[in-house]
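Asker: As you go down the protein sequences, you meet chains X and W in turn.
Position 288 (the first sequence) corresponds to 288 in the working numbering; numbering is contiguous.
Position 275 (the second sequence) corresponds to 275 in the working numbering; numbering is contiguous.
For the record, the hints were derived by calculation from the structure and aren't laboratory data.
Among these hints, one or two may not hold up.
Over the 12 Å line for every Cβ pair with chain W, so calculated as not near, a few chain X residues [claimed, not checked]:
{"hint": "1", "residue": "Ile5"}
{"hint": "2", "residue": "Ser10"}
{"hint": "3", "residue": "Lys21"}
{"hint": "4", "residue": "Val46"}
{"hint": "5", "residue": "Ala91"}
{"hint": "6", "residue": "Asp111"}
{"hint": "7", "residue": "Asp141"}
{"hint": "8", "residue": "Gly168"}
{"hint": "9", "residue": "Thr252"}
{"hint": "10", "residue": "Ile275"}
{"hint": "11", "residue": "Pro277"}
{"hint": "12", "residue": "Pro296"}
{"hint": "13", "residue": "Val314"}
{"hint": "14", "residue": "Gly338"}
{"hint": "15", "residue": "Asn441"}
Derived lysine to aspartate or glutamate pairs resembling EDC-like cross-links, with alpha carbons at most 20 Å apart [stated by the list, open to error]:
{"hint": "16", "chain 1": "X", "residue 1": "Lys76", "chain 2": "W", "residue 2": "Glu412"}
{"hint": "17", "chain 1": "W", "residue 1": "Lys77", "chain 2": "X", "residue 2": "Glu45"}
{"hint": "18", "chain 1": "X", "residue 1": "Lys76", "chain 2": "W", "residue 2": "Asp89"}
Every residue gets a Cβ at the ideal spot worked out from N, C-alpha and C, and that includes glycine.
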Amino acid sequence: MNRSIEQLESMVADLLAEARKQGASAADAAVSSSAGLSLTVRLGEVETIEHTRDQGLGITVYFGKRKGSANTTDLKPAALREAVSKACTIARNTCEDDCAGLADPQFLARDYPELDLYHPWDIDTDQAQRLAEETEQAARDFDVRINNSEGATLSTQTGSFIYGNSNGFVGGYPTSRHSLSCVVLAQDGECMQRDYWYDSRRDWQELAPPRTIGEKAAANAVAKLNGRKLGTRQAPVIFRADIAPHLLRSLTGALRGHAQYRHSSFLPDSLEQQIFPAWVSVTEDPHIPKGLASAPFDNEGVATNPKAIIDRGVIQTYLLDSYSGCKLGLPTTGNAGGVRNLAIASGDLNLEQMLQEMGTGLLVTELMGQGVNAVTGDYSRGAAGFWIENGEIRYPVEEITIAGNLKDMYQQLLAVGNDTDIPGSVRTGSWWIAQMTIAGN
Amino acid sequence: MSNTLDLARETLLSPADIDDSRLQHIMNKLMSSRVDAADLYFQYSRNESWVLDDGIIREGSFSLEQGAGLRAISGEKTGFAYTEDLHLDSLLEAAACAHAITRAGEDRRVAVAARQAVQPLYTGDNPLESLPDEDKIRLMKELDAAARAADPRVKQVTVNLVASHDTILVLDNEGHLAADLRPQVLCYVNVIVEQNGRREQAGTGGGMRGSLTWFLEDGRALSYAKEAVRQALVNLEAVDTPAGAMTVVLGPGWPGILLHEAVGHGLEGDFNRKGLSAFSGRMGEKVASPLCTVVDNGTLPGKRGSLTVDDEGTPTSNTMLIENGVLKGYMQDKFNARLMGMEPTGNGRRESYASLPLPRMTNTYMLPGENEPEEIIRSVKNGLYAVNFAGGQVDITSGKFVFSLSEAYLIENGKVTAPVKGATLIGNGPEVLTRVSMLGNDLALDQGVGTCGRDGQSVPVGVGQPTMKVDEITVGGTAV
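In isolation and in its complexed conformation, chain X is listed as follows:
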């Protein structure tokens, strides 16, 4: 069972009082509790049933300009006291830091919107089993070459949290999240491939149908069979929409205040610079109802607001919390804890039309490895997908890498598709980049 909002609120109040008692000049605290079910069916049989139940609290204390923090999964009063005491001991050992402290009270979220993030699902294990079975069965029925499975998983979770600080802010709300996923294997002779599909929603009634998820997983796996390598070359590249979000996340990572003040960004001191073609705009909207990353206030209690990050190709803002804002001499942008619901404006073309426009090139549907250097923007990753000629898929390709530099890739963005129907909190279509280096045999 989840703890009630009232219980969490009183725990936060106790923590802040304890911090004051132990000598802290300021403090903030967050307490959360969640519960859920995760059920996997593999080859038509239940494989695992996991009952999840998590709770935790985090406290940060300030002694003037010194800071210490602690967290614990044990919420009994003795553990609360110990956590505060540990945080205080640490704070006494950290250095004076002029920027350390709570958010400026004027930015705290006073009246925040209700974002409709809580839709509990009254589902028992039998129902969960049936949905997972239906998903996996749709995948296994899709093609005779689907001959093995890692299973289909239904998971559902509800939780709630409260954040409070010694400037008088207390806020919190319940949330829910439900997911359905499927991973299957396709085989043709010696060649074996696996692929997946999933959906994840705040409201379980909006989950994609089991059949759609199963069939997409199966179609993805079958399409990869009998892939070839490519010869080393330079060519245009289209990143299919479902793998394109990382290109936006690299952008927001580079604009994070922490990366800016440390000069560990491939876009240093880049405010008001043109880094994309003039038709590109990127926005953050933390207030999308039922949005997976929606939040009315950030991790410091600061009100979040929709904003333009890129307008006409030009950087409009860094993404700051109070600390990095102070380091850069700017106010917080309400991005403590990250960016919430990113979107890039899409063009008029769907994926097929983009392939037609491109003519010859690489459609990337899968990326491997971590080869993105956040300091230099150097990009070099393993890839798989399809070789395109005359706008048509010629054959699947695998065991190749694609390489470039993110700064060049952004400048060479030719189009973003309108195929934005992808799961997750980032809204984007497929990205067409003018040229990258492909390494193969």
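Since chain X is already given, all that's left is putting chain W on it; use the hints.
Answerer: Below, chain W without anything else, positioned relative to chain X:
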């Protein structure tokens, strides 16, 4: 071990008033009705981490995690529940949830008894208390100063110092009780250097199961600061990597991540039981050059990936995976070993009480060959010398693996020449080791910073290898 067990009981069970008869009561509840196997896993973890950044000790945090995970297995089905509350009522409730995987059947009874003692591979002492806070701070400041003093081009230094202590206790359905006290320490230095407007970064560090004082021995941590600066300065001179298939010489130690990705994951028991791995059904077949012998060894004293007993209470072992090129063994937990009619190998690991155990690697490495490292480099006309890596990934079904190089050089006419940047290696696991043509006599393990992620669970691991020549592998870069 008896001492370890007593300490674990004292930490985990006594505060919640759980004695052997109550443990039996919970296990009986978990084992009721047609359950084949079950276990109860208790954990208490403390972790402390410090961050020096921008010249000051900016952050410190402490975390405490405790709980119990209860698992019931019937055939290939697993029921699992966990709780942060270690008192009897919560544990019984979790047991009821976990055993609901089965519908009806015969009840069974178990009696609790300590497992046979195993010699611990590391001290049970709490590393959080192995140095006074002032000394931890002093060490970090010294590393910051050393990195900045090493070269005027150093613009930014970040130092992380982490210590954790895990107490675990596991009871299986045979009634065997096992415990482990697991220390872990880590120190990492990251630097950013700048020259004529060009910025590069590099990081290096080390760790082990033991005390923070280890970093003070022989200037060990100081060497991380100097090494991070050296690597970053090399990167300042790096040119674009040539793209295409070529001969690659991998340096000793950390490049063993190739083994971890290319063959290690594919030899984890569950993937093979389910026929999901590119190595499935290939036991006894030739999967590597005869030069290659690969083991997973959880028994190396003090190493980051080592465990006295795994998370199912099985003592770890030195498991032969590939012997002279022939596939010899899988890494097993109890569940998959039982279903495959094999013996557990002590590879049953879990991130915490809140996750299910899986067969996972410990320290995976290749045994040395007979060549001098210089001789291997000399034998290459044109190729790449890969020394340091930034992480990798594998698709165990297709066998495709990839990893990113953080320090690499061209080899031209048998000599190591210009450093290159942004290089990625991609290959096929079951193929790559068949192309190993020379193997060095310089086996080294990594410095103890490896973490392996699988199914959302992170566990500390080690890798290692001698200098290795692979005749052809695809190198990703920007230069054509």
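Asker: The output says alanine 91 of chain X does not contact chain W. Does that hold with a beta carbon cutoff of 12 Å?
Answerer: With a cut-off of 12 Å, alanine 91 of chain X comes too close to chain W, as the shortest Cβ separation is near 8 Å.
Asker: Minimum C-beta separation from valine 46 of chain X to chain W exceeding 12 Å: can you confirm that?
Answerer: violated, 5 Å
Asker: Just want to verify: proline 296 of chain X was marked as not at the interface with chain W; is every Cβ pair farther apart than 12 Å?
Answerer: holds, 26 Å
Asker: Is the Cβ of isoleucine 5 of chain X more than 12 Å away from each Cβ in chain W?
Answerer: holds, 19 Å
Asker: Measuring Cβ to Cβ, find out whether serine 10 of chain X lies farther than 12 Å from everything in chain W.
Answerer: Serine 10 of chain X clear of chain W: closest Cβ-Cβ about 18 Å, beyond 12 Å.
Asker: Would aspartate 111 of chain X pass as off the interface with chain W, using Cβ distances and a cut of 12 Å?
Answerer: holds, 32 Å
Asker: Since asparagine 441 of chain X was said not to touch the interface, does its Cβ keep a gap of more than 12 Å from each Cβ of chain W?
Answerer: violated, 5 Å
Asker: Checking a non-interface call: every C-beta of chain W should be farther than 12 Å from the C-beta of threonine 252 of chain X. Is that right?
Answerer: holds, 19 Å
Asker: Is the Cα-Cα distance between lysine 76 of chain X and aspartate 89 of chain W 20 Å or less?
Answerer: Distance ~16 Å between lysine 76 of chain X and aspartate 89 of chain W Cα, so the pair holds.
Asker: For a C-alpha distance cap of 20 Å, please report whether lysine 76 of chain X and glutamate 412 of chain W respect it.
Answerer: Violated: lysine 76 of chain X and glutamate 412 of chain W sit about 64 Å apart, past 20 Å.
Asker: Compute the least Cβ-Cβ separation between proline 277 of chain X and chain W, then decide whether it is above 12 Å.
Answerer: Holds, because the least Cβ-Cβ distance between proline 277 of chain X and chain W comes to about 21 Å, which exceeds 12 Å.
Asker: Evaluate the condition: distance from the CB of valine 314 of chain X to the nearest CB of chain W exceeds 12 Å.
Answerer: holds, 22 Å
This entry does not satisfy hints 4, 5, 15, 16, going by the numbered hints stated previously.
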